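Following the hints, position chain B against chain A.
Residue numbers (the numbering used here), protein chains in the order written: chain A, -1 to 166; chain B, 8 to 588.
Because the hints were derived from the structure by calculation, they are not lab data. Owing to the predicted nature of the structure, the values given are computational and were not obtained by experimental measurement. Watch out, some of these pointers could steer you wrong.
[Said to hold, decoys possible] Output of the computed footprint for chain A on chain B, the stretches with three or more beta carbons under 8 Å from beta carbons of chain A:
1) 264 to 271
2) 386 to 399
3) 460 to 472
4) 480 to 486
[Unchecked claim] Subject to a maximum C-alpha distance of 30 Å in a straight line, what follows is the list of computed DSSO-like cross-link-like pairs (lysine-lysine):
5) A:Lys48 to B:Lys148
6) B:Lys39 to B:Lys104
7) B:Lys334 to A:Lys38
8) A:Lys48 to B:Lys514
9) A:Lys4 to B:Lys486
10) A:Lys38 to B:Lys332
11) B:Lys152 to A:Lys21
12) A:Lys4 to B:Lys485
13) B:Lys152 to A:Lys38
14) B:Lys486 to A:Lys21
15) B:Lys148 to A:Lys38
16) B:Lys332 to A:Lys21
All residues carry an ideal CB built from backbone N, CA and C; glycine is no exception.
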Amino acid sequence: MIEFVKYIGISFVSAAALLILSKIIMNFLLRRDLGYYEEKEAAQESELLKDVKVGTIEKPVKKSEKKSEDKAEKKEAEKKIEKSTEKNKQKTENKKKTSQLTQTKKKNESSDTKARANKATKAKASPKGKSSSKPRTPRATRKPKTNRKTQSSSKAKNTTAKSRRGEK
Amino acid sequence: MTLPMTMNNIHPGIVMMAFGILILILPESFRKALTLLAPICAGVAFISLNQKSNLVYAITDNLKLDFLTVDRLAWAFVAIFCVIAMINAIYSLPLVKKKEAGMSAFYVGTIISVVLAGDALSFIVFWELSAIASTYIIYSKHSRKASRASFRYLLVHAFGGNMLLVGLLLHMFHFGNELTNIANSYDASFWLILIGVGVNAAIPPLNSWLSDAYPEASVTGTLYLGSFTTKAAIYALIRFFAGTEMLVWVGAFMAVYAACMAIMENDIRRLLSFHIVSQLGMMIAALAVGNKVGIDGATAHAITNIIFKGVLLMGAGAVVYATGKNKITEMGGLAKKMPITAVCFLISSLSIAGFPFLSGFASKALIMNSLHEGGYVIPGLLITAAGVGTLLSITLKINYFVFFGKSENDIEVKMIPLPMQVAMIIGTIMSIAIGVMPRYFYGLMPNNDIINPFTMSHILEYVAIFIGGSIPFFIYLKKMKPHDEISIDFDWFYRKPLCYFTDVLSKGVYAFNLLCDRVSLSGVHYLGNHFGNPYLWTKKSSSTIIRSLSFENEDRLIGTVISEAVGTFVVIVIIAIFTFR
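Isolated chain A, as found in the complex (with noise of 0.2 Å):
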């Protein structure tokens, strides 16, 4: 009975003992935070992450649904090869265009300097008495000189504006 009541105390001592040992002084020495260990690195993978975009990342996609958006794209595709064809007529109609306009106002101002070029030969070939016979307008009467340039550029506009409209 007395060895009952010996290791009873013993036993009741050794856990008091432990408790205080454990849940007081190791306790106060030894207990940390859950991300003890783990605050560095955690800080650092942070850095190291700051400038990923997660949204980035692909998802798995389903085969149905990867049918699906396959068609989509297809279509967005056609749809852009159709538009990218169109504009392409378009610009080259425009080229086709200029390159007209530019011919005819070559014509034109070749045109132009025949006749200037007949002009002054008539001009050289008749003679000195001839024009100072006629008499001679005042400045502010005459007729103002057109600019031939213009006149031959208002010719083309409407040549081409006739050729538009499909006259001859």
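Using the frame of chain A, we list chain B on its own:
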């Protein structure tokens, strides 16, 4: 021509390793059958062993590797390893994947081979193989924490393995290739082997890898690791250090320290890991006494510990599997939802605390007897206190806060697969059987030292310990509830200061490398410039005389050039005369 290998028995360890490799190679469909077949075949090979069994490989005429040496100590350890391998295999059937199952079988094989090794070289080979296999078992959970824990585990065990290797080489130099007792020799090989084995035996301050790595492994991984690594280390300690007086105190301190850590702990598997350390302390104290009862006590407690700690780890694993939670603070009232697990856990927790008619009672009786015989009163009291700590932290704390106490949260519980429940029941029945019939169990021990544990005084002693230890628990019930925090251990030294030190060291080395790079590059540039253009030697000289020698200098004094040339010629002639005289 004679073969270099002689064999008269199949080696159970090699059988296990072969099955492990087969599980790894063959498809998943073979996994379950092979996992069960492996321990059965190893068990059959073990039954056929006798003291004449050998497997010798002769490297040279003088150097032979003895893979298979059977004595009573090795026989007792291999017997329990085969039994627990079977129970673990049953438990792990629904849980593990192919690689982990294969590696676990291989790991068991290496541990059995460590125990059966008859010489130092084969001992260290299998010891290192077991470290590698166990590292993979921790890693096989494939979580971030597991991979980090496995890396730390590998580092610590690489350190221990290297210490052991050097120690054993020294041992071989002095005593030959045989494994002999080196207790109280206190030479270099003694300390190196002690450190090497001490790492695996989790002797403080080398203990923290255990509580760091075991909870991070998978449920079955923790079970396998808890059953083998440390027990093989106890076997090695009995072989090398039985009777080393110093270790009595080390063991007693270890038991109390780990019990205190367990009281603080919140993670259920980490708590049990601390208790592995505490129980190892008891075994070390017993084997260090060195008498027959002590060696039998250490062996017996290692065997019973494998069984009841196995069931405790299985129970904890079942709780983790069913709830998906590790922390005691997140659990409660699970006994109603998991009755079989709760009952098995309760019986095993009573067994670990040394409750009469359970296996722990039988083995602790031997330990206490050995300490009394050796006259170690204070270590005896410390071991008793550690037993009270076990009672507080496992028997009362886990059972109350996890299984039988009131639950604050309504926890959803998954159904536990049948093989897991069967394994727990087998382990519990074994624990009860050993506790009820300890005489047969004692008969299997190395020294066959049979005592009667069922004396009235011995039974009353443990009943008194249960009563006395339980009173403070219920008085401070609120205080006993764990906090959701971690407690730092000796691993703090290599996870904090050593980490900073290596960080600073690596930065320092990098800076030094950069400096060396710069200096050497500028040196090479300088030399390249000056060797490439000899005029610079004279042109940039601080001496006016040398500058005036420059060929680019149009105002050079021809007189000084001649005098310098003549002077150097004279010096060369004098040196030549003195050297070739």
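Results of checking the hints against the structure:
Requiring three or more residues with a Cβ within less than 8 Å of a Cβ of chain A, the coverage given for the segment 264 to 271 of chain B holds, as 5 such residues are present. Taking a C-beta to C-beta cut-off of 8 Å, the segment 386 to 399 of chain B contributes 7 residues in contact with chain A, enough for the three needed, and the coverage statement holds. Counting residues of the segment 460 to 472 of chain B whose CB lies closer than 8 Å to any CB of chain A gives 6, so the stated coverage by that chain holds, three being the minimum. Restraint check on the segment 480 to 486 of chain B versus chain A: 3 residues with Cβ-Cβ distances below 8 Å, three needed, restraint holds.
For the hint linking lysine 48 (chain A) to lysine 148 (chain B), the alpha-carbon distance of about 28 Å falls within 30 Å, and the restraint holds. For the suggested pair lysine 39 (chain B) and lysine 104 (chain B), the alpha carbons sit about 10 Å apart, so the restraint of at most 30 Å is met. Of the supplied pair hints, the one linking lysine 334 (chain B) and lysine 38 (chain A) holds, its CA atoms being roughly 24 Å apart against a limit of 30 Å. Pair hint lysine 48 (chain A) plus lysine 514 (chain B) holds up; C-alpha atoms about 24 Å apart against a cutoff of 30 Å.
A hinted pair counts as satisfied when its Cα atoms are at most 30 Å apart, and lysine 4 (chain A) with lysine 486 (chain B) qualifies at roughly 26 Å. With a CA separation close to 26 Å, the supplied pair lysine 38 (chain A) and lysine 332 (chain B) stays within the 30 Å bound. For the proposed pair lysine 152 (chain B) and lysine 21 (chain A), the alpha carbon gap of about 27 Å is at most 30 Å, so the pair holds. A distance of roughly 27 Å separates the Cα atoms of lysine 4 (chain A) and lysine 485 (chain B); the hinted pair therefore holds under the 30 Å criterion.
Between lysine 152 (chain B) and lysine 38 (chain A), the direct Cα distance comes to roughly 15 Å. Compliance with the 30 Å bound is thereby established for this hinted pair. With a C-alpha separation of about 8 Å, the suggested pair lysine 486 (chain B) and lysine 21 (chain A) falls inside the 30 Å cut-off, and the hint holds. For the hint pairing lysine 148 (chain B) with lysine 38 (chain A), the CA-to-CA distance comes to about 24 Å; that is within 30 Å, so the pair holds. Restraint check for lysine 332 (chain B) and lysine 21 (chain A): the C-alpha separation of about 24 Å stays at or below 30 Å, so the hint holds.
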